[in-house]
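Student: Go ahead and model the full structure; you've got the sequences and the hints to work with.
Numbering (the working numbering), first residue to last: 1 to 109.
Keep in mind that the hints were calculated from the coordinates and are not lab data.
The reader is advised that the hints may include incorrect statements.
Heads up, simulated DMTMM-like pairs for lysine to aspartate or glutamate below, C-alpha to C-alpha not over 25 Å straight-line [said to hold, decoys possible]:
hint : residue 1 : residue 2
1    : Lys41     : Glu15
2    : Lys8      : Glu101
3    : Lys38     : Glu7
4    : Lys94     : Glu7
5    : Lys75     : Glu90
6    : Lys55     : Glu15
7    : Lys55     : Glu66
8    : Lys94     : Glu15
9    : Lys79     : Glu33
10   : Lys18     : Asp35
11   : Lys79     : Glu52
12   : Lys8      : Glu90
13   : Lys18     : Glu66
14   : Lys65     : Glu96
15   : Lys18     : Glu31
16   : Lys55     : Glu72
17   : Lys48     : Glu33
18   : Lys38     : Glu90
19   : Lys55     : Glu90
20   : Lys32     : Glu72
21   : Lys75     : Glu52
22   : Lys40     : Glu52
23   : Lys8      : Glu52
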Amino acid sequence: MHIDLPEKRYYGIGEVAKAFGVNTSLIRFWEKEFDALKPKKNAKGNRKFTPEDIKNLQLIYHLVKERGFTLEGAKIHLKEGRKKTLDNFEIIAKLEGIKAELTKIKEQL
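Tutor: Laid out in structure tokens, this is it:
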């Protein structure tokens, strides 16, 4: 899945949920379930996601929504094979980004 977020230091939970096409409650739920997600919170308690959090969310989304892992299966997969999974996921994400750019260029022609 290719998400389209601008380059920023922090993202609000609403814009993250919109980019992934899910509810904010799902993002909050995944935050509780997965140790890899640790967004910063400001004085009001609003979550601020860093680009690293976005990468972790993309990986979780890929495992749970696209590959059909259960939450427990995704947790185990992340703990055991994190390096290999992360490398493969980054390659797939880059290829999807290239595909999106090429499609955009094709439509402009």
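Student: Each of the hints needs a verdict: does it hold here or not?
Tutor: The hints, checked one at a time:
no., hint, result
1, Lys41 - Glu15, "holds (15 Å)"
2, Lys8 - Glu101, "holds (20 Å)"
3, Lys38 - Glu7, "holds (19 Å)"
4, Lys94 - Glu7, "holds (16 Å)"
5, Lys75 - Glu90, "holds (18 Å)"
6, Lys55 - Glu15, "holds (15 Å)"
7, Lys55 - Glu66, "holds (15 Å)"
8, Lys94 - Glu15, "holds (21 Å)"
9, Lys79 - Glu33, "holds (13 Å)"
10, Lys18 - Asp35, "holds (22 Å)"
11, Lys79 - Glu52, "holds (17 Å)"
12, Lys8 - Glu90, "holds (19 Å)"
13, Lys18 - Glu66, "holds (17 Å)"
14, Lys65 - Glu96, "holds (17 Å)"
15, Lys18 - Glu31, "holds (16 Å)"
16, Lys55 - Glu72, "holds (19 Å)"
17, Lys48 - Glu33, "holds (18 Å)"
18, Lys38 - Glu90, "holds (20 Å)"
19, Lys55 - Glu90, "holds (9 Å)"
20, Lys32 - Glu72, "holds (13 Å)"
21, Lys75 - Glu52, "holds (18 Å)"
22, Lys40 - Glu52, "holds (12 Å)"
23, Lys8 - Glu52, "holds (11 Å)"
Taken one by one, the earlier hints all hold for this structure without exception.
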